[in-house]
Amino acid sequence: MTNQWPIDRQDEVLAVEGVSVWLSGREILHDVRFTLRRGEFAGLIGSNGAGKTTLLRVILGLQAAAEGTVRVGGQPRSRRNPVIGYVPQKILLDPDMPIRARDLVGLGLDGHRLGIPLPSRGRRKLIDEMLVAVGADSFGDARVGNLSGGEQQRVLIAHALISRPALLLLDEPLANLDIRSEQEIVTLLAQVAREQQIAVLISAHEINPLLPVMDRVVYMAAGKAASGTADEVVRSDVLSTLYGHHVDVIHVHDRILVVAGRGAALGNVHHDDLTVTHDEQTAAIPTAGSM
Amino acid sequence: MGHFLSIVVEPGFFQSAPVRLALVAGGVVAVVCGVVGSFAVIRGQSYAGHALADVSVTGGSASFLVGISPIWGFVGVGVVAAGIMDMIGIRRPRGRDLATGIVRGAGLGLAALFLYWDTTSSNTTGATITILFGSIFTISSAILPAVALLSVLALGIVAVVYRPLLLSSVSAELAAVRGIPVRIVGLLCLMAISVAVSLSAMTIGAILSTALLIGPAATGLRLTSRPGLAMIWAALIGLAATWLGILLAWDSFYWPPARHGWPVSFFVVTLVFIFYLLARQPARWATRRPAVRSQAARAAGGLAPAAPGARQG
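Here the protein sequences line up with chains A and B, keeping their order.
Reminder that position 130 of the first sequence reads as 130 in this note's numbering, one-by-one numbering, no gaps.
Reminder that position 181 of the second sequence reads as 472 in this note's numbering, one-by-one numbering, no gaps.
Keep in mind the hints are simulated off the structure, nothing from the lab.
Computed from a predicted model, the values in this text were never measured in an experiment.
Wrong hints could be hidden among the right ones.
[To be verified] Taking beta-carbon pairs under 8 Å as the criterion, some of the chain B residues facing chain A (in silico):
hint: 1; residue: Ile-333
hint: 2; residue: Ala-450
hint: 3; residue: Leu-457
hint: 4; residue: Val-468
hint: 5; residue: Ile-523
hint: 6; residue: Asp-542
The C-beta atom is built at its ideal place from N, Cα and C for all residues, glycine as well.
Start from the sequences, fold in the hints, and give me the full structure.
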């Protein structure tokens, strides 16, 4: 196994190693570890409060970890990290604000630079190409505040991709989208990961929309994570260890249902998670697939 | 043409030295306010701009007591107030109103005291009127260098941090991810706003100075969807309102009730308001979706959103 390391390291885009985070006396993340390679499409799955957003913030360097390290592109992550593209869940922009979709994409290119952007043919061409690549060319001149949720997602994805990152993180991009937009965004992201050979990590509370395109799943519950392929992780034994009590995994028509044991609803499982003692939380979680 | 001008412009307008000084100083201030004000509006800091203007009254009234030019009082207190607002927490939406309100209240309290001393010591209401409602025709040419310096400072700040400021105005999170020091950029913007309202306080008075900061900016962003172009529009609208206002004030010497001239501030602020109302109309037409664009969206098919309801109004 150890002799596989050099190969892994070369392709490795993101390595999260034993990350723990404490916020106001509570352990939000516990010993989270997984790696992502170039071109990999990964889903960060978990319910509200499982620690998905905190984990994304640690990877982005917006949140310090109490323990553990994050390596991006084989390097310890730094504050200015151009290799990470990030798409927040939603931006709140008034329709009155004079910012067009193409302006926001342009800010993805050089928003961190000082001075006023000089209009150039090269810059315009880059922005046009990126708008076409994400299917946002038909509303490139519309104000961002006037766009629908799905349209905004495309613009934000273009904003994140135009700086040519090696890793793209998306925080709940499918939340508040209708089913059609949801499928379109998932297809677009899978295509981006494949064609541009970048690693995509997308957080979601629902696994099924991502199943057809997902290479890897990072499943989170109560601040702990299990990583591997969907077949390796979304299994009764693995998830039961993660949740700290029995969980059934049921396959129905290419869809997966995760159901709490004893006939309890899934929502109750999450509620129970909050009362798990620290002794149980420190129990080792198999990180299948990363071995 | 010359005949027409003599009807619109009452005699002596361009020959008067105070008028020429007012046109230059007022014009420069209008341009600064238009550009900087656009960021105040985009960032949702109109109320902060208003509070900074109110607080600058404190500095203006204090400057009369110690005998320096009001402009330094306006700027000095304004910049300090901007710093305190940032300290209290202007970055959080909830903290924003709180920080602004607290600083504004404290500043106005001091202003009440200083204005009281001003009137009791000088035994006239001249200082109060000058500070609150401006005195563009009594600007001394000695402070032109100060106006130029402060204008270059405010415009310079905005020009240098233009892109980081724009990105952090769209989303502080997106900016932070790009390594932009969001707080420093926000504080610089607040400083530029405070300098702009101080300049504006000098020309049209502290009470009305936000009108020149917010009005043209709000009008500009109705006229175009481009951020840079919106700022140019705002500057031009502010300039037009100021110059027209000065002209009308000059003309009003010949108007009723007395041959005394109406205040410039009244004309400038009224013109700003009229321009805003005029700009609302085309913006309403523009929100109707043109037929051509929806066809293009349909032609793009597949990934493009074809449903008319997809765009939220």
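- Go through the numbered hints given earlier and state which of them the structure violates, listing their numbers in rising order. 5 and 6
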